[in-house]
Amino acid sequence: MPNLNTDSVKERTFDAIVIGSGISGGWAAKEFTEKGLKTLVLERGRDVKHVVDYPTTNLYPYELEHRGEVPLAIREAAPIVNRCYAFREDAMHFFVKDKEHPYIQDKPFDWIRGYQVGGKSLLWARQTQRWSDFDFEGPARDGFAVDWPIRYKDIAPWYSYVEQFAGISGNRDGLGELPDGDFLPAYPLNAVEDYFKGVLSEKFTGRHVISARCAHLSKPNAIHIKQGRVQCQNRILCQRGCPFGGYFSSNATTIPWAMKTGNLTLRPFSVAHSILYDEQKGKAIGVKVIDTNTKEEIDYFAKVIFVNAAALNTNLILLNSKSNRFPNGLGNDNGLLGKYVAFHNYSARISAEYDGLKEFKTDGRNPAGGGYIPRFRNVFKQETNFLRGYAAGFSAYRSTERDTAQVGDALKNQLLNPTLGPWRVGSHMMGETIPKAESYVALAADKKDDWGIPQLKIAIDYDDNDAKMKADYIEQLTEMFTEAGFTNIKPNTASQAPGLDIHEMGGVRMGNDPKTSLLNKWNQLHLCPNVFVTDGACMTSTSTQNPSLTYMAFTARSVDYAISELNKQNL
Amino acid sequence: MKRRLVIKNLLIIAGGIAILPSCSEKPGTASIQLVNLDVNADQENLLAEIAETIIPHTNGPGAKDLKLHLFVLKMVDDCHSAEDQERFIHGLNNINKFAQTKLNRSFQDASVAQRAQLLQTIENAKDTDQNIRSFYSITKNRTIQGFLNSKYVMTDLKQYELVPGRYNGYFHVKQATKAS
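So the protein lines, in turn, are chains A and B.
571 is the number that this note's numbering gives the last residue of the first sequence; the numbers go up by one with no jumps.
180 is the number that this note's numbering gives the last residue of the second sequence; the numbers go up by one with no jumps.
Next up, chain B with everything else stripped away, as it sits in the complex:
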């Protein structure tokens, strides 16, 4: 893994040198090291807004605060098949086109309510473009996973115990304030 990263870094450096003079308009790259996915800063920002729409900042942190979009990218990059990765990228690239047809504006120009409504449309409409559906379902599942496995939820909200030190097989539900 490490060696692959080193090689990747070398390629990036070499590639950077090669394209530097002619590529001043290219948007910045993603803020984390990715091995398989080619994602630029604009795409990353769009993904951040989508993740934030799925889990918004309320009285507690949301997806952007918890950098869940980066978790999504990391997981798609390392844990998904090439086919998934392709659909994910296609879907991500087509979200704005989809937003244009449905809302007459880009995702980022839409209001919070419109953004949520757009995602809900994808969630509910089985006939939406397959790439968009795949992208949405991967992003949503990984965002939820990242949220539930975040330090905020697990430790700050005490929903996970590393060292329970006990077992009760007859715990009265009435005693419980939370189900977890």
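Bound-form chain A, shown alone:
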């Protein structure tokens, strides 16, 4: 219960509260504290301190009890998270297991979560491509969702701002559909990735393979050294947490940076129950928190609140922030809160072999993962029977072969002396999905979690547009692979539930009109302007790019705006 003791209230009052310490919450913490604001960061999970709380980071494969494999009992008890590619023995301690935090699937949804300081920024795939106006103008041009209230020029300087600090490697490729940024040197394409790039530019129009842009320090600048990070060492064991700080995470970067200012209070084990709304003042005054260890309810107060709990939990907190003024959730007069949730369609892949360029192999490892094919469908105008399009990953590696048909000396000799096989290539689609009213999240009527907070009910699905786009991806990639002389081309269209892409977005979308959106162009709730949402929940549409870089840019931009509004006494 709220403690009325004034000293205690003072101790629980900050300039800003940030809910969540993941990739966007960490940025909010850094920006606020750096500019002198006393900031409370609430994290529902445990603390994970850079390096010291990465227990597996320096283990050799033979030092992992099951050589990386997750034991069956754990897999069977957690079938949802087990479907995530990074849920392996070396990183499983950073994932929420299914039974720990149940939710209701009205439709199948693999909700992959990381409840700890740093959130999923420890675990992300580190791909960082900018959006362009072909993305921001999509909903208006193609007649879905609502128009984005911003354009590329509004966010471009903030992309640069976050890129410089986070450290993004990439080439300046000069593509209108994928704007260049402030990059560290790119990780180069390998022989076959380069070859495929050449094939596309020769035989196709508007199709490119670029070095994937990623949040790795290929060549750190002074600012990165100042953060205590050094050059990425090409380990590709990122999901364990990196002792070099080679990739960007809240843990390695924004949180320690904020901590050094002396203005950060980090409170782990603190679930945000709801945002407190004051009817007289007509604004939010704080956050009701439940201590997950003691189950004690504690209210914290601040002038401005940033909700960065990760897309779906941000929806949950706002839906659960009920008051007389907002009986259906904070800022939700139009009833759209929780609706128009979308994701990325990753449900098609294709693999093949290439018999050429056998004089080469790769040496070391590429943290960028290889090549990236920016969207080439419907970019400049509508040209297919589906809306929007897909980006694609593309990578190649030189296979090694060992004949294991025998036993004894012969087998041992094969194992110790593998021979080089053909190059193997692979691609996966990253399709834009269309946000729809019927894809939504809502509070469960009757089921609560351990803290008395309603569980989240999720109803998100693919549609006909996704099916057509998926078929087109397979068709186009097959054609491109065939043109390149790749053989043994194998499409894999095995479906996966939404959520496994870990790119769920929307529910608290931005827009110009309070009647059809929740947030304005500054990521402020139209109806409660001292509450900002800058994580995936704010997304009006999804585009095809991995979204984290855009969340970072939105967050830095919104904090800058919030501080100027605070200074003008407007919040």
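Incorrect hints may appear among the rest.
[As the list claims (entries may be wrong)] Just the calculated beta-carbon pair ranges, DEER-fashion:
| # | chain 1 | residue 1 | chain 2 | residue 2 | range |
| --- | --- | --- | --- | --- | --- |
| 1 | A | A471 | B | S81 | 32 to 42 Å |
| 2 | A | E11 | B | D84 | 54 to 64 Å |
| 3 | A | A410 | B | S106 | 21 to 31 Å |
| 4 | B | V173 | A | A471 | 35 to 45 Å |
| 5 | B | Q108 | A | E65 | 26 to 36 Å |
| 6 | B | K97 | A | Q496 | 42 to 52 Å |
| 7 | A | P102 | B | S81 | 19 to 29 Å |
| 8 | B | K126 | A | T400 | 24 to 34 Å |
| 9 | A | E65 | B | N94 | 23 to 33 Å |
| 10 | B | D38 | A | T400 | 30 to 40 Å |
Hints were generated in silico from the structure; no laboratory data involved.
Ideal placement from N, C-alpha and C gives every residue a C-beta, glycine not left out.
Using the hints, position chain B against chain A.
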């Protein structure tokens, strides 16, 4: 996991006390803690000989030196389905019967060449008993995995780098002495 182990230990202790007086001839238990598999010392030794046949000691260590049979047991115990575990144990128990029919002697009494020949028979003959085939395929795959992921191969033979610190996408094969 830990709690399960504790409970298991308690059960073992309790069970040990209960059967101690009447069970003096029971062969010893496996040398590692197993949760799902019931394997005695004889079975463990047999598995060790089979793994050693798959990857023998030559001028470098073999399966027994690297305790790969224990790795096989650990993985089957923790990572395989109950169905796999059952087939594995059945197959392990039937290996000697199979050796008797093919070689007229037990696996352990056979020569190194005969042992290898027996395993090769299982490898090649699709009509061998399903339990034996399952047992053999699990054991072989896990032995190979354990070998390739051993400190000996990864670190001593430098086939794995924890910290490469580089990437070259155009590495000339001629430069390479090894393919890995």
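- Which numbered conditions among the earlier hints are violated in the structure presented, ordered from lowest to highest? Failing hints: none at all.
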